[in-house]
Amino acid sequence: METKSKIEPLAQPLKEKILNEINELVMKCYQCGKCAAGCPLSGEMDYTPNQILRLLQIGDPLCDDEVLRSMGIWLCLTCDTCHSRCPQEVDFPHIMDFLRSESIKRRKVHPKAKEIIAFHRSFLESIEKTGRLHEVGLIASYKLKTFNLLQDVDLAPKMFVKGKLEIFPHRIKGKEAIARIFEKAMKEAEND
Amino acid sequence: MTKIGYFPGCSLNGTAKEYDLSLQAIARIADIELVELDDWNCCGATAAHSLNSTLAVALPARNLAIAEKMGLDEILVPCAACFSRLAQARYEIKSDEKYRTKIPQLIEMEIKGTANPITVLDFLNKYALDKIKDKLYNKLNAKFACYYGCLLTRPEHLSTIERREDPLVMEKIIYLSGGMPIDWAFKVECCGAGLSVVRTDIVGKLCAKILDDAQSRGADAIIVACPMCHSNLDMRRNEINKNLSTDNEIPVVYITQIIGLALGIDPKKLGFDKHFVPTDKFLHKLQKQTVEV
Amino acid sequence: MARIGVFVCHCGENISSTVDCAKVAEIASNYPGVVYSIDYKYMCSDPGQNLIKEAIQKHKLTGVVVAACSPRMHEPTFRKATAEAGLNPFLCEMANLREHCSWVHFREDSTTEKAAELVRVLVEKVKHNEELFPIKVPITKTALVIGGGIGGIQAALDIANSGHKVIMVEKNPSIGGKMAQLSETFPTLDCSQCILTPRMVEVAQHPNITLYTYAEIESVDGFIGNFKVTIRQKAKSVDHKACTGCGLCIEKCPIKKIPDEFNAGLGNRAAIYVPFPQAVPNKPVIDRNNCTYFLKGKCGLCKKVCPADAIHYEQEDELIKVDVGAIVAATGFDIKHSDFFPEYGYGKYADVIDGLQFERLASASGPTLGVLKRPSDGKEPESIVFIACAGSRDPAKGIPYCSKICCMYTAKHAMLFKHKNHHGKATVFYMDIRAGGKMYDEFVRRAIEEDDVNYIRGRVSRIYEKNGKLIVCGVDTLLNSRPVEIEADMVVLATAAIANSDSEELAQKLHISYDPYHFFSEAHPKLRPVETNTAGIMLAGACQAPKDIPDTVSQASGTAAKVVALFSQDELTREPLIAYVNNNTCVGCFLCQSVCPYLAIEKEEIRRRDGTLVKTVAKINPGLCQGCGTCVALCRSKSIDIHGYTNRQIYAEVSALFNRREYAGV
Ligand SMILES: Cc1cc2nc3c(=O)[nH]c(=O)nc-3n(C[C@H](O)[C@H](O)[C@H](O)COP(=O)(O)OP(=O)(O)OC[C@H]3O[C@@H](n4cnc5c(N)ncnc54)[C@H](O)[C@@H]3O)c2cc1C
Ligand code: SF4
Ligand code: SF4
Ligand code: SF4
Ligand code: SF4
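Protein chains in written order, with our numbering: chain A, 1 to 192; chain B, 1 to 293; chain C, 1 to 666.
Just chain A, same shape as in the assembly:
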């Protein structure tokens, strides 16, 4: 996923795209750090929420590139703590959603985020096929994608015994409709 090629300069600063496409003004952030202070994950992130905003504010292709390649954007849990306490009402999780899809589109995903994306992909595939999430299928597919074969092996038998795992997926009647939703949404994402 990660391309080692030299940085292609972005035609338009990300902050402008963010304003045009999701109507969030990154310039509102005045770097008080309250988001980083409350974010459950800022200690784990390479760039904390306010630092990501700072990089975006500069509007320089190199900085934008750093943002899209950062691990922080993949760790965000969309818990909304930052947004709900931000004095400047910056909707940071909303910006994070945008940055993640942008990072994938431009093939700049952080190597360590591969597993997270693999998980999200497996999750969506499960829905695409059956209309609902099938946990056994999800875990199997995720394990195949990441070779994390041993992860969570201790949980599965216990879950099964407690009647929490269905071996066979439930397929909804409208699964074709779901498949079409996926097809259209994916095409749209590729086009813009």
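Calculated from the structure, these hints are not laboratory results.
Keep in mind the model is a prediction, meaning the values are calculated, not measured.
Hints are all accurate, no fakes.
Below, a list of computed lysine-lysine pairs in the DSBU-like style, where the Cα atoms sit at most 35 Å apart:
1. K379(C) - K404(C)
2. K135(B) - K348(C)
3. K373(C) - K209(B)
4. K173(A) - K129(A)
5. K373(C) - K143(B)
6. K136(C) - K526(C)
7. K209(B) - K379(C)
8. K17(A) - K98(B)
9. K143(B) - K205(B)
Chain A is fixed; fit chains B and C with the ligands onto it per the hints.
Chains B and C with the ligands alone, transformed into the frame defined by chain A:
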């Protein structure tokens, strides 16, 4: 008989069976019919909005459209994460012209946004509590730490909860059910939610802080209203305990299970045996202390 | 026949860089009625003004149009020059070529053309100008000062010392305001009470000052020089003439657990009380909302013990009418309390306090006699966290502005703590340190360098309590935005300074404007910072915006100078650009009266010589009318007009615009 739309979501069919069991039991006693949406689909969860914003609206929107077609004005969405996705989709469709035109084409159904998703807390407060008040005959002599997590209290435009930094709705319900809610400091902190599988280490750290605070304040159980919170705090207990000096054994219980107990329903029928962290000690303590009134 | 002179100014290059001024003068010379037209580099300079004066005399001008900058800038200059040349100053008009044309357009033919049109419009107007003469109104040389904080005190003393009478109205039982509550004051750390109380006493003893405490403004009518004010003297239930201030009543009053306002809720007071030992006046009032006698009809202990028989339960509120010539609003400010902050516990943690509470804890006369003891358990804190900008600069909380005083008092608080407890740990979370002022930044540096206060740049996300400690979750944005958790015994929030809750109501009584946050508005942010838009009403202190003591005192003295300047005249001269009524056509519907924002319209009865009433018509009070024209627009019988902006003049301007190009010559 009151009729309300019901969107159980994938977890209540799987990892959160006990939530479904206990909720259905309460509904029966309260004489409320939960009408499951026909052929509903997964809301897309974190995966959809992390990767594709259109999908993140379209998947839940299909469910909203189904509810509309069934003539349902309100949909009970017990999973806080599903609730958040459904409510956000409705919000986008109502406030954003772009989605209003795009979504019907995607889901091949009409959608106006008339069906309103509600949380289990709204449901209990608005419909169930009044009807079961007189039947709550068990006094639950234990201390409960009510845990809200993120998605019941945030973001502001979707939350129906007051005092979002220190909410008290669950506490009120617990109090009504004869339990003793405690004041604690990690009610609305994040449990790690979507990183449960891929970054279990992080979930372990975050949940450790939550459980530790509850324990230090003498909680006998943690009350949740979300299957995501539940599975992180319950199923991930081994990982969590790696971050704590002593093993934390506080059970994590759905609010509907507690109400079920207060109604005198057999714990088995409420799915207490389905938890990873054993609940027998807790139930035993309750039984010892339970005074029938 | 009109003989108009046109004077086109280049304004250096401000106008001439985009407008061909010579050409404008040339075109103007062809306008009917224009007998003289010229352009010049600086019309406002002495030679420029002389050009005008000479032309008036030489060409026997009947009207002057100066095409230059905004009339706000130089209309007085040119009207004065006109008058010096012997022409009525109101026959001079200005065409605003700078703001309305040269600054907003590029250099093009059409820009010059527009400038010429602007001149033509004014030429047509000035043909209809009439000679006008300034209005004279008498002045009552007594000032009303509302609010007895340091701002009000300073203004009152300055005015009184200039030999004028002052009436001061303070809503609390004592004057002194917030400053009386402070422990020591930045940047010199002198004791607040020590420098304030002598002034409070001076106010009480000054022969020119009449003090009403426990009193409020009921209503304000009238206009500059002639205000009629009604003061509500709330019933004190104690006859202050008889009371000797012995304090027996306070000692005996059984109701002793009322949260003490003066100590910011950290102590208790009785139902009959003097707010603090140095209060002025130092005599008690009964708080009727908490007194058993007033609530239940029983008790009466204070009356029984009072040796001077000064307790009068039957006392009633009294309405006192006074005439004043000027009003100074000095009602100060308030602060947000800790319950305003959800993320800091909604006020549920007793040891999360606000700045004023800290002042009371640190004050030698406070509830703990100056020993810092935390409210929850009286323990002396070892670690205190101070949070700056709590609620300020926070649009999400509805307060986008900087409260200005808190950076400084936070440094002071941290310092006071360190002086009382050398081994204590003082941490300040801040976003920026705003310490502009004489010796201010040095003061903050001293806190950091000499007193070892730990300043961490970052906002605090939340506070919670654990095992008797407050856990403060912040961040160090100067250390790679590393999350920081500090265990504190006490947290002091430098909460936002806000307007008083009744400030909007008072502003409406005074007919002065206020900003979205209910602070009173000054007439001009730079050039008229002490006046309001209502003539005769001025501002002093934090009622206009958050301010520290030096700024409050400076503004108060500035305001006093304005009042004294006003009182230095026996009569007031005002521009006559006000409304007037045509008695013949007025039908007496008084719609105008209902819309006039300055309450300037009265009723006038027209009677025959024998006294029989012919009709009642509207009459403009020349002292009050501000010439806004609202009444003119509304009058259905077209009976009201504004001097200097009559309908005829405006029609002439508009129809001149419709007859465009005729003289354009371009
Ligand atoms: C915690 C804290 C610490 C501070 N420390 C310092 C410091 O160290 N140094 C410094 O220079 N400044 C300091 N200040 C600022 C200082 O308090 C103000 O500059 C000063 O009090 C402003 O004076 P004022 O007269 O304008 O308002 P106030 O002091 O608020 O006085 C207003 C008066 O008007 C009265 N009033 C209000 N409404 C009405 C009404 N409707 N009718 C009649 N009367 C009314 C009030 O009762 C009050 O007596 C501090 C402020 C705070 C909050
Ligand atoms: S809390 Fe808001 S303003 Fe402060 S740094 Fe974060 S995003 Fe910026
Ligand atoms: S939404 Fe993301 S960035 Fe914001 S506080 Fe939660 S995890 Fe951190
Ligand atoms: S009458 Fe009122 S003020 Fe007097 S002693 Fe009794 S309670 Fe106190
Ligand atoms: S004065 Fe300082 S602490 Fe107060 S609001 Fe302004 S910047 Fe914040």
